[in-house]
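Listed here are the chains, written in short residue letters.
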Amino acid sequence: MEALRDLYLTYQSTLGYIGLNSLLALSVYATLSCGQLALSNAGFMAIGAYAATLLTKEAALPFPLALAAGALLPALVAVPLGLPVLRLRGVFLAIATIGFGEVVRLGIVNWEYVNGAQGIVAIPQKTSLWMIFLAVAAVLFVMARLRGSKWGFALEAIREDEPAARTMGIPSTAYKLAMLVLGAAIAGLAGGLEAHFTFMVAPNGFSFGRVVDMLVFAVVGGTARYWGPVLGAAFLTLLPELLRELAPLVGIEPGPLRLMVNGLVLLAVILFLPNGMVSLPDRLRERRAARRAAA
Amino acid sequence: MSALLAVESLERAFGGVRAVDGASFEVRAGEVHGLIGPNGAGKTTVINMVSGLLAPTGGRIRLEGREIQALAPHRVAALGVARTFQNIRLFSDLTARDNVLVGEHRVRKASLGARLLLLPAAREEERRARGQALALLERIGLADRAHERARNLSYGEQRRVEIARALAADPRLLLLDEPTAGMNPVEVQAVATLIRKVAAEGHAVLLIEHNVKLVMDVCDRITVLDFGKVIAEGAPAEVARHPAVIAAYLGSGA
Amino acid sequence: MGQQIINGLFLGSIYALFALGYTLVFGVLDILNLAHAAVFMLACFVALALVGSLGLHILVALPLAVLAAGILGLILERVAFRPLRGRANSNFSGLISSLAVAIVFEAVALEFFGPNVSRFPFGTVPDRQMALFGGVVSRLQLTIIGIAVGLFLVLTWLVTRTRLGRQIRAVAESPRAARILGVNVDRVIAASFFISSALGGAAGVLFGLAFNSISPDMGRSVELKGLAVIILGGMGSMPGAVIAGFALGLSEVFVVAHLGASYRDVVSFAGLFLILVLRPRGLLGAASLREA
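Going line by line, the protein sequences match chains L, A and P.
Each residue of the first sequence is one higher than the one before, starting from 0 at the first, in numbering that gives the first Met the number 0.
Each residue of the second sequence is one higher than the one before, starting from 0 at the first, in numbering that gives the first Met the number 0.
Each residue of the third sequence is one higher than the one before, starting from 0 at the first, in numbering that gives the first Met the number 0.
In isolation and in its complexed conformation, chain L is listed as follows (with noise of 0.2 Å):
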């Protein structure tokens, strides 16, 4: 009985992250899937997180309606950060909204009222399982609604040439902030679930390196179909699990092993397999009809 309930507990924090991760990478997803690489999630995250936490621990607040106000926060603030930098032009993109993102997490650790770099502790744990899942499911939900409606081809036509999006009457700014406010909300849901799961938030867990988890998440998993960010979220939350068995027999130390698979997994996959995981069944089709074809 000991052993089940050790194994439970183990796993409880993989499957917790496997869902926790597949949202933060949905959520970047939200603004790749119209071709813009905003890098502000970890910024997002931040925000939700902090304002759920404050929000059950000092106002009481029931957890749901903590939940919902840390999702809606980041979303508020996604409006006028959009504004002015969805007009830059990619890397520039990408620039600002780390600078963003930078500037949340350096205004956390300079707000004694939080505590700073220390962040907070004893956060009640209020989330289960369930509520990961019931979130990732719901994301996903949406997601797959808007894949192949109006919106979803206006996204896709934003992505591929926006110039020419435009001229069809799609608002691709109007499109673009909307889908930067849902990557906020979902990244804010995401801050608020984890820091009631881990029972403390601290502002060194929303740096720059939190937000390339995600990309490389969405990137790995692929993008090519809505489901493909959890797809790489799971494969990449499950394979340190793996490596840390593996680790002693390769002679690495497995924070280092973890790192280089990590590395290599996701250059392995820009350079053969640029959509994703998610696209490798297309890729086979297609090589398999051109052989056909050369035939």
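It should be emphasised that the hints constitute simulated quantities derived from the structure, not laboratory data.
Hints may contain errors.
As the list claims (entries may be wrong) - Lysine to aspartate or glutamate pairs mimicking DMTMM-like chemistry, simulated, CA-CA at most 25 Å apart:
1) L:Lys125 to L:Glu57
2) A:Lys108 to L:Asp160
3) A:Lys108 to L:Glu161
Following the hints, put chains A and P in place on chain L, whose structure we already have.
Same frame as chain L, but now just chains A and P:
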């Protein structure tokens, strides 16, 4: 009949170069209006300004009397303007049908709420929109390629899909930028017929073309540009005889 | 005041050196090389290993580490950037693949040197100080400023007066035109990466010597500051990177002195943000930044 599109003293300078230098002309509803001239005469620049992708540095553009030169492209499109591009800008990862579907964006009456709530009205609207897209592909003779990715289509097929995509918006003004470049004579003839039919349905068409025979056959009136200026305007037969036009084309070896 | 200026110039010279590498690659390839900070870090570790384990003098270890950085740059270009050259979205995929290589580099450093902070052995640099302009400056600081300025001059000479420099400028302007003119674009890009990474490596060693706190994540904060510098100076502009680097160094020192240490980074990033929104071209940049 008053003009649907009125271009007045339009100017566009890039640094010191005047790509368009005081061009004026009108296009009426139901008319096929040709815009021709040697390479670099400024034709695509004019279309870019009319569609809102480029802001003029001088002059005005009026659509049914209303000034549109300062409007963003999606607002110009919302007023009923659709276009094709000189260097084909289809969404290469989307299928032919889906490309045309995107073109319908302006006229679709889909409700996001209905879509998210899985209401039957949403499915109905989708069905209608897809049917419309297929009908348009049928019209240009590519219904059998509907589910092929745009990048797998031949050059001529891509050009025709672009026209279908522009028609999908049910535009009052259709801007076609060299729609038959690279097409074989059979395809060119099909496009010519299509253009005449579209005009007969009441749309206005502004056509940039290098294919002189096509222009002569299909256009009601022609404006000739050279170095950004209008050098001749009128019915095809008049324009063909115009000395300045002959000089411009012979001079540039076209 | 004089003290702050000296400290600002000293910090700024390192930022400028780092940013030069960043902006060089961006100017030539239109891609942000996110592995630059990892090379910065690895070069410092190489120098540390050469001095600590092999007992080499720092003045020997420094150029060797810089050379190693250049070689890493060549590897990086060959593995992460060249295969992507033909692709439509090469900017994005270049970003991702450089990120991947950065992760691998960091893993290597973590494996061989551990996560803890390492330091140069005592006595690596002589600890002599002198009074200058109303402040106290160490010989180390002056040397670092001197080396940085020296490298700027070498780079300027390279770019303006050598054939390679002309070719680099040609490729930055238009790779297609350069190829038509007979330039071996592949080799020029490789050379640009070598130079860029060498500069980044030099910045890394100097940073390590200056602050004597070496760890696998030491590149993290400099990376983001480096972004702020190249944006401020104008993407692709080398003089811009130098000026902006010094400007950032000076402003950080002044902010710390007058507003307190916690505001130091907030000012850099808030400044970055404002620049992007108000004048994305930066001080001297010419790149087009807005969508159509």
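Straight-line alpha-carbon gap lysine 125 of chain L to glutamate 57 of chain L, limit 25 Å: Since the Cα atoms of lysine 125 of chain L and glutamate 57 of chain L sit roughly 15 Å apart, the hinted pair holds (cutoff 25 Å).
Pair hint outcome, lysine 108 of chain A versus aspartate 160 of chain L [Cα-Cα no greater than 25 Å]: Holds, at roughly 23 Å.
Distance restraint between lysine 108 of chain A and glutamate 161 of chain L, which requires alpha-carbon spacing of 25 Å or less: 22 Å, holds
Checked against the numbered hints given earlier, the structure satisfies every one of them.
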